[in-house]
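Participant: So the protein sequences, as listed, match chains L and D. In this text, residue positions in the first sequence follow the numbering used here: the first is 1, and each later residue adds one. In this text, residue positions in the second sequence follow the numbering used here: the first is 1, and each later residue adds one.
No wet-lab data here; the hints were simulated from the structure. Among the hints, a few may not be true.
Any copy will do: because identical chains look the same in the list, a pair fits if it lies in one copy or spans two.
As the list claims (entries may be wrong) - For lysine-lysine, the following DSS-like pairs were computed, each having C-alpha atoms within a straight-line distance of at most 30 Å:
{"hint": "1", "residue 1": "LYS121", "residue 2": "LYS51"}
{"hint": "2", "residue 1": "LYS103", "residue 2": "LYS121"}
{"hint": "3", "residue 1": "LYS51", "residue 2": "LYS103"}
Protein chains: 2
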Amino acid sequence: MGRWEPDAAGRLREAAIELFLERGYDLTTVSDIAERAGVTSRTFFRYYPDKRGVLFGGTEALETAMTRAVAAAPPEAGAMDAVGAALEAAAEVLSGNRAYASKRQAIISTHDDLQERELVKMAGLAHVLAGALQSRGVPETAARLAAETGIAVFRVGFDRWVTGIGRGSLPGVIRVVFGELRALSA
Amino acid sequence: MGRWEPDAAGRLREAAIELFLERGYDLTTVSDIAERAGVTSRTFFRYYPDKRGVLFGGTEALETAMTRAVAAAPPEAGAMDAVGAALEAAAEVLSGNRAYASKRQAIISTHDDLQERELVKMAGLAHVLAGALQSRGVPETAARLAAETGIAVFRVGFDRWVTGIGRGSLPGVIRVVFGELRALSA
Numbered sequence: 001m002g003r004w005e006p007d008a009a010g011r012l013r014e015a016a017i018e019l020f021l022e023r024g025y026d027l028t029t030v031s032d033i034a035e036r037a038g039v040t041s042r043t044f045f046r047y048y049p050d051k052r053g054v055l056f057g058g059t060e061a062l063e064t065a066m067t068r069a070v071a072a073a074p075p076e077a078g079a080m081d082a083v084g085a086a087l088e089a090a091a092e093v094l095s096g097n098r099a100y101a102s103k104r105q106a107i108i109s110t111h112d113d114l115q116e117r118e119l120v121k122m123a124g125l126a127h128v129l130a131g132a133l134q135s136r137g138v139p140e141t142a143a144r145l146a147a148e149t150g151i152a153v154f155r156v157g158f159d160r161w162v163t164g165i166g167r168g169s170l171p172g173v174i175r176v177v178f179g180e181l182r183a184l185s186a
Numbered sequence: 001m002g003r004w005e006p007d008a009a010g011r012l013r014e015a016a017i018e019l020f021l022e023r024g025y026d027l028t029t030v031s032d033i034a035e036r037a038g039v040t041s042r043t044f045f046r047y048y049p050d051k052r053g054v055l056f057g058g059t060e061a062l063e064t065a066m067t068r069a070v071a072a073a074p075p076e077a078g079a080m081d082a083v084g085a086a087l088e089a090a091a092e093v094l095s096g097n098r099a100y101a102s103k104r105q106a107i108i109s110t111h112d113d114l115q116e117r118e119l120v121k122m123a124g125l126a127h128v129l130a131g132a133l134q135s136r137g138v139p140e141t142a143a144r145l146a147a148e149t150g151i152a153v154f155r156v157g158f159d160r161w162v163t164g165i166g167r168g169s170l171p172g173v174i175r176v177v178f179g180e181l182r183a184l185s186a
């Protein structure tokens, strides 16, 4: 199958989510997903390493958005302001597809293995964010603290948005949670 | 486990750490550890589920210390003050054995699998801490935010203490990092 598949990655992702919810994650195979999406398994592996990978694409886009936002923050912005800009930029990346995010979260919440992978993903984002802050001249210790707490804010805000506890757009929810952290820490 | 107690669990732990550092984690077996500690493999399994488990004992003691400290905080204490008390109480539990903590960290840092397990442990602590805050009447959303950021502070402080970047006792280092978070968020 050398032919170009229009948005095969997106169709495979939708098919995978449907099947994980219908049959359960464990009982769904790569060939089930490929069949549902109308492509071959070979096409599947062109886009994703395995069925778990379908749920963890897009990390690079988040990293890039955060890194750019930190670099673009005004020189006088403090570490936490730069973190706030990074979180909103990452939120913009995810904001368009709440229905998908919600289904994905439902699948992840039922599997320890997937939850671990999500923790690793978040730890990776914190690492990238800390690196971006250091590139602005924030000392390593402060950069790590600001990045780790920032990612904690992001996770809490993301959960509120996905479950509907937090109303409105994801960047807006993240902004509210960030404000709450400032108020709690005051 | 009291540090004064020359019990089998403690001896097995010391033996495991020695061997993981000498031979590497992957090349060390349960029977190597038991032999070094002068006990049988059967005794090993009375204390630990597997060799990885040796590095992840003591979670319950941390959870108990944090839960008690949150419950014992004065009624007028805010969520973040209660979190501060919990982190210091958890730090007291670990504070007596920096040499062990440092070796353990060195082993964990070289293995993705162990790092993932550590992330899961920390996520579990955040969950317990959030529950303790809710028992004080802190609303769920604020409890989760305070707990997640609190555990981020704990991880950053713990790393500084283990690596020697943070001087003095672990509770003291955690207190400093907590103060930095307040300053950063101000």
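Participant: At most 30 Å between C-alpha atoms: does LYS103 with LYS121 qualify within a copy, between copies, both, or neither?
Facilitator: Intra 18 Å, inter 25 Å, cutoff 30 Å: intra and inter.
Participant: How would you label the pair LYS121, LYS51 (within, between, both, or neither) given a Cα cut-off of 30 Å?
Facilitator: both (16 Å within a copy, 25 Å between copies)
Participant: My question is about LYS51 and LYS103: at a cut-off of 30 Å on alpha-carbon distance, are they close within one copy, between copies, both, or neither?
Facilitator: Classified as within: same-chain Cα gap 15 Å, cross-chain 36 Å, threshold 30 Å.
Violated hints are absent here; each numbered hint is respected by the structure.
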